[in-house]
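Enquirer: Keeping their order, the protein sequence lines are chains A and B. Anchor point for the first sequence: position 227 equals 221 in this note's numbering, and the numbering is continuous, going up by one each time. Numbers given in this note's numbering equal positions in the second sequence, counted from 1, plus 2.
Calculated directly from the structure, the hints in this document are not laboratory data. Hints may be right or wrong, so weigh each one.
Claimed, not checked - When the alpha-carbon atoms are kept at most 27 Å apart in a straight line, the in silico DSSO-like pairs for lysine-lysine are as follows: (1) K195(A) <-> K54(B); (2) K39(A) <-> K235(B); (3) K235(B) <-> K286(B); (4) K144(A) <-> K207(B); (5) K116(A) <-> K235(B); (6) K75(B) <-> K54(B); (7) K268(A) <-> K195(A).
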Amino acid sequence: MILSVASGKGGTGKTLVATGLTAVAEPDLFVDADVESPNAHIFLKPRWQSLEQVEVAIPEFDEEQCTLCGDCADFCRFQALMILAGQRMFFPQMCHGCGGCQLVCSRESITMGGRAVGTIRKGKCDSFTFLDGLLEVGEASAMPVIRMLKKQIAAIGQRVIVDCPPGTACPTVEAIRESDYCILVTEPTAFGLHDLDAMVKVIRELNIPAGVVINRQTPNSQPGIVEHYCQKQDLPLLGVIPFSRKIAAGYALGSILPEIDRKWSLILRQIWAKVQEDQRVVTQ
Amino acid sequence: MRQLAVLSGKGGTGKTTVLGSFATLAAEKVLVDADVEASNLFLLLRPSLAGKQEFFGAEVAEIDQRLCRVCAKCRRACRFDAVVHYLTGVKIDSLRCEGCGVCQLVCPQQAISLNPVVTGWSYLSTTEFGPLSHAQMVAGSGEASGKLVTELRRRAEETARDQGMNLLLIDGPPGVGCPVIAAVTGVDLVLIVTEPTLSGLADLKRVHQLTRYFKIPAVVCINKYDLNRQTVKQLEAFCEGEGLKVLARIPFDPEVERAIAAARPLVKVSNGPAATAIRSLWAKVGQWLQ
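Chain B with its partners taken away, still in its complex shape (with noise of 0.2 Å):
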């Protein structure tokens, strides 16, 4: 099975877009949204919700107060701010919380259990592209996100064995963070979608480090490449130096947000600059992906 990943480090630089086509181009594969704080993908695949689950990503520490003293140990303790001490108690701060156990060890009444708490929900649905494991996320859950994309992945590995696939399309989070390192572990090849701006090469510098890291091969494609000559050069000297594939330059395109505006895959709606180098795109990722 081949495992493809499509990050950026900075947000809003196309990866859903570019994304969103390839699952109309690629023949037989499983689809991943995991972006799961702020999933994009279905928006523009339109899946038959199915095979909802609970994901249980975390515990969080509850202090009974029947049989709590207040004798505040359990926030001496703790590591992480998480025990509020307030006139007539202490109380847990769910959101700070990280689930490991100190207070309930500490505590002279036993007053403190941990309990699972559901963090999202994971979906297998279909769309007329093929299966889409994605997820809601409950806001403010903690690094649970990091693996409810573990358990997306391992219900699309599943689902593509079961259906004799071969591919999984993974649209990944920015950032360089927990759900982006569960995003791209164990993939075959990471494309680094970028923009021609400072910013986005500060940020395509973390996510390349991080694919050295991990030791995951990578190539780049730069889109919006018209937007400013001056940082394209910037990052194409970069992506030299570094031995970066650049695979593809897309052009600013109006038709993109247009597309978006339509919540259609931008190469089933249009055959502009951006579409056409989106399907050349693709057609050499496939070759990297053999």
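Just chain A, with the same shape it has in the complex (with noise of 0.2 Å):
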């Protein structure tokens, strides 16, 4: 079973929800896709064993056979080719890799070479493995190191939390994609709900079964925000973190959850059952 936890919000309590499954769902792996600003690793502590670089295709260029004709940058839709002043100029951070510019060039001039753009990292934890991905930074896409990542998935696990990354768009759905559930983390402020919103549009378009954790609840918060939000959804509701300064102060310092205080355990626990439940209901 592959479960993602998202959010939509950033800073809602992700990586805290599923850095802390690990003490309960007994999973064969960890994979932490936010490649952008990785964090998992501070909680968990891999004991690391390798680094793989991530490349994407770059073309390069045989003077000898090139003429400038120009085909390749007339192809070419993301700007990454131009010829200018009878100079071939290539942007490889333009570069999506792929591979037309070499298909049109009538000269055989293009051969397809790699570049780097980020890195995975895998470790070993205690009782399952840990991945996870580096965007290299100036790098704008964080799609190559993401598509990376889940391909390692198959070959390792059975039963994987992925830790996702923030934002709706193509990074968090490459992210959560092919899961058998989501759990969706937020606050019960307008800020979280609105970013879970945009997050159920993404799961309902996906067709992944989810559920939400509500975290940081204080006696300050909007009553029923979130709850009202997830009956209106039919979304089932896993558990309820209250704030509490001392989950913030542990966290701040790399613990998770059940060290923080043990009694978060049963929180956690109940949140998978739920989970298990919820999609033993779903796929029936």
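With the hints as a guide, dock the two chains, each given alone in a separate frame, to form the complex.
Expert: This is how it looks when you write it as structure tokens:
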């Protein structure tokens, strides 16, 4: 089973919940797919085993064969190639690595080489494998790194937890696709609710069953704001984590929830039990 | 024209809370909500929506099934796993399609077209604190998020010139990828809002690396700073080591939550410690911008 943890809004507690669940869900693989700002390793402290570069294809030009005809530049839809003042200009960071330039070149002067855009890191925690990705700072697209992470999931894990990026665009979509269930972590504020709604549209489009965890509930929180939304959307409420300075301070130092206080294992167990129950219901 | 972008690396550190208050403190300016995937600034500023425009941020391939012979050349040529081969034919997965046109190129039946798609809507709205350039993005859209941010800035800059204003305040997204890059290129100053957690420090390092990469001056404010003394020290040591000025330390303050619940900028409804720190932060940032 692949369980993804997402939110829409940043900072709601995805990593808090995802890393906490490792203590009760007995995963064999944990994946931190937030490759722009991965943090899960701070909490799960894997013993690093290997590093693999993620490459995207880029064109390499044979100057002898190239006649500057410009067919490649005409084809390129990403403004990565230009012929200007009798010179060919290539902008690697605009390039998507589609290989189209190579296909249109009538002189066979283009071969596809590779360009490093990030790294996949693999490690071992006590009872599960840990994988994360790191996008090279300055690179625009997290997609190649996340795609590489996804390919490794199939090879390694049966019971997988995926900590997803914030936002609702393609990196998040790629991270949650093909998961069997998605936990949406939100905070009981208008901000959290607005972004939860955007995520719900995504999981509906992807047809992934989902449930909601409310984090940082306080007496000042607008009562029922999220519960009401869940009811209307027919989304199960999996659990509520109250705001606690103790959690905040423990999280600040890199402790997972059950380490901060054993009582939090109970909430995590309840969340995990509800996920399993809901997933069974949905797949029937 | 001077432009300030507020970033964090890590989500949830307080960018929108800080910028929402800056919006009320700064004089003549245009506001930009560049967090197009999860835009929250409008919730504080309550705009009258205006200037709605469709944004075509991407092209997506489409196979004309009447012409398709299911040779699957497109699937073999596609480097993004965006062509799906199912029992009776092939189809484009629009969420994965990057609009490169290779499938169209290789299709022997010329059955594939590339069509512009609406990936969001941009608005130029009015608020009691000035014009707000913001957007609603179609969830799941690709790097159209970076392009949409660029469009929002373009509209904001145009408005500023039209109305004789000299300042753009940009609420940035979390992360370091394309919408963040689009939010910061060409700005005069980045304010990094961070928090005293190990995660916050890790992401501060990443976003600082980004500002270095694009050669943009950056300053820091530490939000919820009294959360954890140990990590505050680590944060401050990092900043000092990098020559990053810490302009403010905003204490954790329950009035912030109340202000968010009331959907109002903090400094409008509070004179508490956080509001005071933000007012003083704005005064300093204002100096840096000159």
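Enquirer: For every hint, state whether the structure bears it out.
Expert: How the hints compare with the structure:
1. In summary, the hint linking K195(A) to K54(B) is supported, as the alpha carbons are separated by about 21 Å, within the 27 Å threshold.
2. Between K39(A) and K235(B), the direct Cα distance comes to roughly 22 Å. Compliance with the 27 Å bound is thereby established for this hinted pair.
3. Simply put, K235(B) and K286(B) have alpha-carbon atoms about 22 Å apart, close enough for the 27 Å limit, and the pair holds.
4. At roughly 26 Å between alpha-carbon atoms, K144(A) and K207(B) fall within 27 Å of each other, so this suggested pair holds.
5. For the suggested pair K116(A) and K235(B), the alpha carbons sit about 30 Å apart, so the restraint of at most 27 Å is broken.
6. With a C-alpha separation of about 40 Å, the suggested pairing of K75(B) with K54(B) is violated against the 27 Å cut-off.
7. Proximity of K268(A) to K195(A) is assessed by CA-CA distance (about 22 Å); at most 27 Å being required, the pair is judged to hold.
When held up to the earlier numbered hints, the structure conflicts with 5 and 6 and fits the remainder.
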